[in-house]
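Peer 1: Listed here are the chains, written in short residue letters.
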Amino acid sequence: MRAQVESTAQGGSANGDARQPRLDKLNAEAPRYGKVTHLGTLPFGPALKIERFTLNNGLSVLLVEDHAAPVVAYHVWFRVGSRHERQGKTGLAHLFEHLMFNEVEGLPAGEFDRKMEEAGAESNASTWLDWTQYNEAIPKDQLSLVIELEALRMSRLVLREPQVASEKEVVANERRYRVDDDVEGAVNELLWKTAFQTHAYHWPTIGWMSDIEGFTVDDCVDFYRTYYSPNNATVVVVGDVSEAQLLRELSAAYGEIPPAELPLEDVRPEPPQVDERRVEVTQPTTTQKLVVGYKSPGIGDFDHPALSLLSEVLFGGRASRVYKRLVRDLELCSEVRAFLGPFRDPGLFEIFASARGEHTAEEILKVIDEEMAKVREAPPNADEIDRARARLELGLVAGLETADGKASTIGFYETVLGDPSASFTRLEGMARINQSDLLRAARRYLVESGRSLVLVRPQLATEEEAA
Amino acid sequence: MSARAPEADRRAPLGVITEYSPELPLVNLSLSLRVGSELDPPGKEGLSEVLMRLMRRNAGGRDADDNDRIVDRLGGSLGADVAPSTMGFHASVIARSYQEFVKLLCDTLGEPRFQADEFERLKREIHGELIESLDNDRSLGRRWFRKRLFAGHPYGRPVSGTPESLERLELADALELYQHALVRENLICAFAGEVSPDRAEASAQALRDTLRQGQRSETTSESPRTPDGRRLVIVDKPDRTQTQLLIGCLGTHPKDLDHTALHVANTIFGGTFTARLTQEVRAKRGWSYGAYSSLPFDRCRHAFSMWTHPKADDAGPCLKLELDMLEQWVNQGVTQEELAWAKRYLVRSHAFALDTAAKRVSLKLDAELYQLPPGYYQEYESRVQAVTLDQANDAVRSRISADNLLVTIVGTASDIQGPVEAAIDRLSGSEVVPFDDLS
Numbered sequence: 004m005r006a007q008v009e010s011t012a013q014g015g016s017a018n019g020d021a022r023q024p025r026l027d028k029l030n031a032e033a034p035r036y037g038k039v040t041h042l043g044t045l046p047f048g049p050a051l052k053i054e055r056f057t058l059n060n061g062l063s064v065l066l067v068e069d070h071a072a073p074v075v076a077y078h079v080w081f082r083v084g085s086r087h088e089r090q091g092k093t094g095l096a097h098l099f100e101h102l103m104f105n106e107v108e109g110l111p112a113g114e115f116d117r118k119m120e121e122a123g124a125e126s127n128a129s130t131w132l133d134w135t136q137y138n139e140a141i142p143k144d145q146l147s148l149v150i151e152l153e154a155l156r157m158s159r160l161v162l163r164e165p166q167v168a169s170e171k172e173v174v175a176n177e178r179r180y181r182v183d184d185d186v187e188g189a190v191n192e193l194l195w196k197t198a199f200q201t202h203a204y205h206w207p208t209i210g211w212m213s214d215i216e217g218f219t220v221d222d223c224v225d226f227y228r229t230y231y232s233p234n235n236a237t238v239v240v241v242g243d244v245s246e247a248q249l250l251r252e253l254s255a256a257y258g259e260i261p262p263a264e265l266p267l268e269d270v271r272p273e274p275p276q277v278d279e280r281r282v283e284v285t286q287p288t289t290t291q292k293l294v295v296g297y298k299s300p301g302i303g304d305f306d307h308p309a310l311s312l313l314s315e316v317l318f319g320g321r322a323s324r325v326y327k328r329l330v331r332d333l334e335l336c337s338e339v340r341a342f343l344g345p346f347r348d349p350g351l352f353e354i355f356a357s358a359r360g361e362h363t364a365e366e367i368l369k370v371i372d373e374e375m376a377k378v379r380e381a382p383p384n385a386d387e388i389d390r391a392r393a394r395l396e397l398g399l400v401a402g403l404e405t406a407d408g409k410a411s412t413i414g415f416y417e418t419v420l421g422d423p424s425a426s427f428t429r430l431e432g433m434a435r436i437n438q439s440d441l442l443r444a445a446r447r448y449l450v451e452s453g454r455s456l457v458l459v460r461p462q463l464a465t466e467e468e469a470a
Numbered sequence: 007m008s009a010r011a012p013e014a015d016r017r018a019p020l021g022v023i024t025e026y027s028p029e030l031p032l033v034n035l036s037l038s039l040r041v042g043s044e045l046d047p048p049g050k051e052g053l054s055e056v057l058m059r060l061m062r063r064n065a066g067g068r069d070a071d072d073n074d075r076i077v078d079r080l081g082g083s084l085g086a087d088v089a090p091s092t093m094g095f096h097a098s099v100i101a102r103s104y105q106e107f108v109k110l111l112c113d114t115l116g117e118p119r120f121q122a123d124e125f126e127r128l129k130r131e132i133h134g135e136l137i138e139s140l141d142n143d144r145s146l147g148r149r150w151f152r153k154r155l156f157a158g159h160p161y162g163r164p165v166s167g168t169p170e171s172l173e174r175l176e177l178a179d180a181l182e183l184y185q186h187a188l189v190r191e192n193l194i195c196a197f198a199g200e201v202s203p204d205r206a207e208a209s210a211q212a213l214r215d216t217l218r219q220g221q222r223s224e225t226t227s228e229s230p231r232t233p234d235g236r237r238l239v240i241v242d243k244p245d246r247t248q249t250q251l252l253i254g255c256l257g258t259h260p261k262d263l264d265h266t267a268l269h270v271a272n273t274i275f276g277g278t279f280t281a282r283l284t285q286e287v288r289a290k291r292g293w294s295y296g297a298y299s300s301l302p303f304d305r306c307r308h309a310f311s312m313w314t315h316p317k318a319d320d321a322g323p324c325l326k327l328e329l330d331m332l333e334q335w336v337n338q339g340v341t342q343e344e345l346a347w348a349k350r351y352l353v354r355s356h357a358f359a360l361d362t363a364a365k366r367v368s369l370k371l372d373a374e375l376y377q378l379p380p381g382y383y384q385e386y387e388s389r390v391q392a393v394t395l396d397q398a399n400d401a402v403r404s405r406i407s408a409d410n411l412l413v414t415i416v417g418t419a420s421d422i423q424g425p426v427e428a429a430i431d432r433l434s435g436s437e438v439v440p441f442d443d444l445s
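The listed protein sequences derive, respectively, from chains A and B.
Here the working numbering is used: the first residue of the first sequence is 4, the next is one more, and so on.
Here the working numbering is used: the first residue of the second sequence is 7, the next is one more, and so on.
It is worth saying that the hints were derived from the structure and are not from the lab.
Treat the hints loosely; a few may be bogus.
Once the Cα atoms are required to be at most 27 Å apart in a straight line, the calculated DSS-like pairs of lysine-lysine come out as [as the list claims (entries may be wrong)]:
#	chain 1	residue 1	chain 2	residue 2
1	B	K349	B	K370
2	A	K143	B	K290
3	A	K38	A	K52
4	A	K92	B	K290
Reference excerpt, derived from the structure (chain A facing chain B, CB under 7 Å, subset only) [as the list claims (entries may be wrong)]:
#	residue
5	A33
6	Y36
7	V74
8	D116
9	G123
10	E125
11	A128
12	V186
13	V400
14	R446
Incomplete in silico selection of chain B near chain A, CB under 8 Å [stated by the list, open to error]:
#	residue
15	R79
16	L80
17	G81
18	E135
19	I137
20	G292
21	R350
22	Q391
23	T394
C-beta atoms are modelled at their ideal positions from N, C-alpha and C, and glycine is treated no differently.
Bound conformation, chain B alone (with noise of 0.2 Å):
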């Protein structure tokens, strides 16, 4: 089969991010779509992931070795993203190659073959990475989470599909979404490093000639729902010394008024290494050697997680600990040093953001991908700045649940169940799953 675009039209618009850095011989890439795995057909998870691989493989109608052998010739790296609502390429390369490196990545995304015998070798690859993924508990403890925290939303859905949605992927399936997706209004493509904005905005129009005109995709998913009561899940598996405890709900959302107020305080609850929760967790009791909160964003609502590890025999007292702090934090909220101290902090690092071409036209890519509001890297200092201690509190309060809740526990189910479910007061649900279930 073949992919080949039609004729150039110019008149779409040009989505394009540059940012030239002369300090070294290097170039930055990313060609980024607007759309993601959410755009699997339910029961053919894995096919954005399988679709992006194969393009990267058979380049050009060449087969994988020599696109392969390309990629190390000239000097860069080529790697392909996917995640629920974006997707796309990710590109290194030394500067004297970089303009023939942009012809291969034109001949990534316009002339990709879509070969059968590769298609069917992606999928038995694919399918080798989920099996050895179950080796890697931290990363089983995060795909329960997301599967029990997002179930039924786009976002619980394996990225990488499961064994029997590869088994289903037809390669008719992969062309269907690329004529659908790999459309010029969908890509984004962002240049940093030695590499001219003139040049650069040459190469993405060249990049984008190289796809059809279509329809821009627009999110169409909802937010996810909201956990009913608090809930255990329980990963068994055989052998462990230790677990990975994850414990979160529904977090934030780059448009609420709130989304900086809520920001701030996590900072406070779990965001830094002498953040509360790093210190009543590692440096008072030494249960844990990582012990953080995180709020992610993306186009819908996202979570908000704790994580942290404490060997089997601790897991009980350290998920009671936790589920204490989080509701002293929800009921109690934040104090005005702890206010004062984040703001300077998150303010002063901010520099860390901004260091590199390549991280400065990262953010200016996430605020296109993920449509956040206007200035919200620009303006970010001074909305961090004027969070009161009030905001900071009503956020926790009205977005962070003590009550609904996802507990998620990757352990030896018999060493740890008894006193994983007694440190759950108000317990509504639990059910213990085995490791190695990639349903």
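Here chain A stands alone, though its shape is the one from the complex (with noise of 0.2 Å):
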């Protein structure tokens, strides 16, 4: 049992009392791995719960009853991302994110989107670092054939020459959109080549394309067998579902698919960082680019809500130290904004910004600079603070107005924190932060032997200029 767990299934409610019960009727004529354990129960927000099941060949379950409309989010996570890839054969963990809805067994290619589809589903899928995740909104008398669908490709995928062959393609020009026709996209690929040099965080998760176009089915073949098992995988389901019916059809569909055996994860730590790196490169843009990627902790780590409060004080909205003295005091940029990582292991604290007219890029690491030394000298005021509480707290609700928004905030924390009710607690967590906490974060993390840059000069110019 975790140790986030509140309470097991003598919490009182009507279906905690019912319970143990019913799921001993169920387990009795489960098949093989299709038994069920009630884990725990964890709160979810002031009015919602996360159930937590099992079934014995190791897929996890969530599972949040939420009758607000007659719709059910279906997510199912597994633990692979492009950290677990190697040189060589980066992008597979993305490839497999398309190759997922193409053939299963008795289903020929295009039939599970077209049942999909047929059912009203809205489904989708995504790919990172740490994770793949794979996505259903359904209306709510469509569970059944979701779940059928999903515990099929889990097990049944069909990988042969032609669907391989395709979806590279198409991969290959999402990689085009992406990347290489897209100044920003091709900017933050080099930031974190050149930031993580042992670290698989090194590569991009769409993968380089030499890699892209070198994929063979037997690799595909084998990376299936590694990572899509159920002992890989969460169940993340928010809706207006029973919980009885939702464990039955679970058990009955997952039940006779085995654990596999996952193997060591053989990611190697990055070195600390003692140098700035810099790099300068042209693209074909009007105006100069900068990007800065300072090494920021794990989500999981003390100071990463910090980081996230500071990087708010910095550049979170228009009223934001940094966007404030560049877009709007001293009208260097067009456009600036930050990113912290979300990731297991340490990331980067990235800062895009966009030079306006014929401004440059040293103009603006200049003012980006002070403003870091300045929160390395002195923590935000508390007026400050608040406002960035505030403007966290507004993305984490506004984000859980949907099942769909629910399901994914649940199965992102569980997947990379093992922790399904984490944005709550990490939002309580931030009123605790105190000014010490911030400074101890600027005087750690933003700092420049800490840090990459990329320079972007432009490789056109505007009708104005040249006249």
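Put the two chains together into one complex; each comes in its own frame, and the hints tell you how they fit.
Peer 2: Next comes the structure, spelled out in structure tokens:
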């Protein structure tokens, strides 16, 4: 049982009182790997709760009954992302995000999506450094179909040359769209490549183009057998469902899938960065850009929430310190924003700035350096911290309006931190963060020796400039 | 300059839409006007956008920094929206700050300060954003597609203006537009979330009372003209490995008798992941990551468009395939099996247009703003169910043209011009425009 579990089936609710006898009955008739155990109950905000279950093949199940609308969000999160790849085979996790919508046993290519859409489902998937997730939002009366199809593709995916070849081409086009012909995408990729030289965060989730072109069917089969197993996945269900019916159907659908032996994760920690790294490139753009990446803590680190608050103080919204100076007061930039990576291992606190007119990346960097020096010297004042907290609170609450938003939040924190309700506990924790925490975080992370820079020079001149 | 409103007059009709939802401590608000950038005088494109953003910045006579800090402190967000037919503000706020936030919105609507230095700063900012937009190929393609398809119509004018039109804007223009457009009769307030209907209506009344009484603006624009022949615009940008390809013509109007039938037929052609376009372009050939067709609506007839982004080498073959598919759709229509499938998809997935209070309110707001026929959303499912095969195919034949259409492609002209022109049978006109022409 996990440390954060608050109570077990003896919670006194109608579901809790009836649960164990119901599970006993279900388990008596369950398939080999379909026996269900209730592991506990967690609060999810003030009004909802998460019920945690597991099947005896290791599949985790998180359920939030939410009867606000006659819909259900069904997410499957796999604990595999680009960090689990190796050099020469980068982008394989992401390719799978595509292949999983292709042919499964008994359903020719295209039929999976066709059945989902016919059911009224909105389905999609995403891959990042630490995970891959598949999501469906469905009318409540179509849940059985989605359970059946998701279980089918977890164990019965068909991987053949035509499907792999076609999806490789689609992914190559996705890469052209997101990276090769996109200034920000290309520069972001270069920043991570520069900042990480040992850790698997060095390569992009979409993969290097030469790797994408080189994937074979055997690569795909190996990857599928290794990582797409019930004991490497969490099913998150949020919406207008009955717990008893859901568990019965999950047990039946996933209960024949055996667990797999998961490999040791072979990720090497990134050695501490001791000197600034600087790269200069030209890109087909009309203005200079600056991208900065400060080494930042993993999301489970005590300093991560403090750095989140600092990010808001410095870059969150028009009133933030750096935005105000660069865009509003000095008019050096048309755009400035920052992003603190929500990753399991230490990542980057990224800053993107686009210069206005003839202004240079160096001018922008000078201002950023001045502001970083200020927060290393003295912490933000109480008003700035309160505003930063309020912005983060709004962001969290606004992301929970739909069943799908709740399932995404739960699945993400479960997969990365092992705590599905961490969004709320993080927010509560932020109320306890004080100025000393912010000062420590600034001095520890916002330092020049721990950063990488990409300075982008324009390859193009606008008609105005040429004239 | 000041734009304070006169004393309240409660006789004007109150436009307010509310939906209470206690699920989250959050309130979503929209303050929408029945007018948009089509009011910008010719040569002064961007005026509506400058006005809305200026109002947000100098609300209550405060300076922009103060207002930004207030929004953040309250746990709120406040943005300005401008489109050809509508404009306004959208906002969200943590419920505990609701009342104070409404005061800020009252200041935004009724007490903006028209400050010359902020006005000029804003113009410079928008100019910078226009230059920044040159980096985004998809947005470049859409800009030129609208510009050429809707030439001579307000939909073809850039909402954010051009460098030249921004230069021409004067503070007096903004004040004049404010006095003309920001009147009670044009305002619709919508509230969703943890705010009771009574409280929301009181807020709406307070918001409305900040504005003058005036004339409700009526849309005067006529439908855009259909393109003449098959025309090609190449937006020339160096070093493109990929293209952004848009093909289209005029589309639908919500009051068309065949509006729903065309919507269903488009779902079959390019409206979903398993639609014809995605299957042929992406699934079978891998030519484009995205492949969709869309059919938006507005107060006047809007566009039908197909969007793909093949690599430069595939642009010619992909364009030819899409044109062949378009002709086949127009000439041969859809099948009974496809129709039955699309109806099931549309009816079932409609649940996701209604699954939150904010979405339900948004639909009601659209119905008001775009003057949709009565029951447009309430009877959506039954209207979709009622579409027959003949109606769907007649709608495609009468509304979509494979002969009079516009092709816009962003790419490196020296690489793609030959193959792209060769792919278009009966090409009646072709032009190459530089990517950085923001006129």
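Peer 1: With reference to the structure, classify each hint as holding or not holding.
Peer 2: Evaluated hints:
Taking the CA atoms of B:K349 and B:K370, the gap is about 23 Å. The hint holds against a cut of 27 Å. At roughly 32 Å between alpha-carbon atoms, A:K143 and B:K290 are farther apart than 27 Å, so this suggested pair is violated. Taking the CA atoms of A:K38 and A:K52, the gap is about 22 Å. The hint holds against a cut of 27 Å. The hinted pair formed by A:K92 and B:K290 meets the criterion: a straight-line CA distance of about 24 Å does not exceed 27 Å.
Restraint check, A:A33 versus chain B: the minimum CB separation of about 30 Å is more than 7 Å; hint violated. With its C-beta approaching chain B no nearer than about 31 Å, A:Y36 sits outside the 7 Å limit, and its interface hint is violated. With 7 Å as the threshold, the beta carbon of A:V74 comes within range of chain B, its nearest partner Cβ sitting at about 5 Å, so the hint holds. Here the hint on A:D116 is kept, as its CB sits about 5 Å from the closest CB of chain B, short of 7 Å.
The beta carbon of A:G123 comes within 2 Å of a beta carbon in chain B, closer than 7 Å, and the hint placing it at the interface holds. Checking A:E125 against chain B by beta carbon gives a least distance of about 6 Å; that is within 7 Å, so the hint holds. Hint status for A:A128: violated, given a least beta-carbon distance of 11 Å to chain B, over 7 Å. Interface restraint check: A:V186 against chain B, minimum CB-CB distance 5 Å, threshold 7 Å, status holds.
A distance limit of 7 Å between C-beta atoms decides the matter here; for A:V400 the minimum to chain B is near 5 Å, and the interface restraint holds. For the restraint placing A:R446 at the interface with chain B, the shortest Cβ-Cβ distance is roughly 25 Å, beyond the 7 Å limit, so the hint is violated. For the restraint placing B:R79 at the interface with chain A, the shortest Cβ-Cβ distance is roughly 5 Å, inside the 8 Å limit, so the hint holds. Contact between B:L80 and chain A, as hinted, is supported at the beta carbon level, the nearest pair being about 7 Å apart and thus within 8 Å.
Interface hint status for B:G81: upheld, as the beta-carbon distance to the closest one in chain A is roughly 4 Å, under 8 Å. Checking B:E135 against chain A by beta carbon gives a least distance of about 6 Å; that is within 8 Å, so the hint holds. Taking 8 Å as the C-beta contact cut-off toward chain A, the hint placing B:I137 at the interface holds, the least distance being around 6 Å. With a least beta-carbon distance of about 3 Å to chain A, the hint placing B:G292 at the interface is held under the 8 Å criterion.
Hint on B:R350 holds. Least Cβ distance to chain A is approximately 5 Å, under the 8 Å limit. About 14 Å separates the beta-carbon of B:Q391 from the nearest beta-carbon of chain A, more than 8 Å, and the hint is not met. A least Cβ separation of about 20 Å between B:T394 and chain A goes past the 8 Å threshold, and the interface hint is therefore violated.
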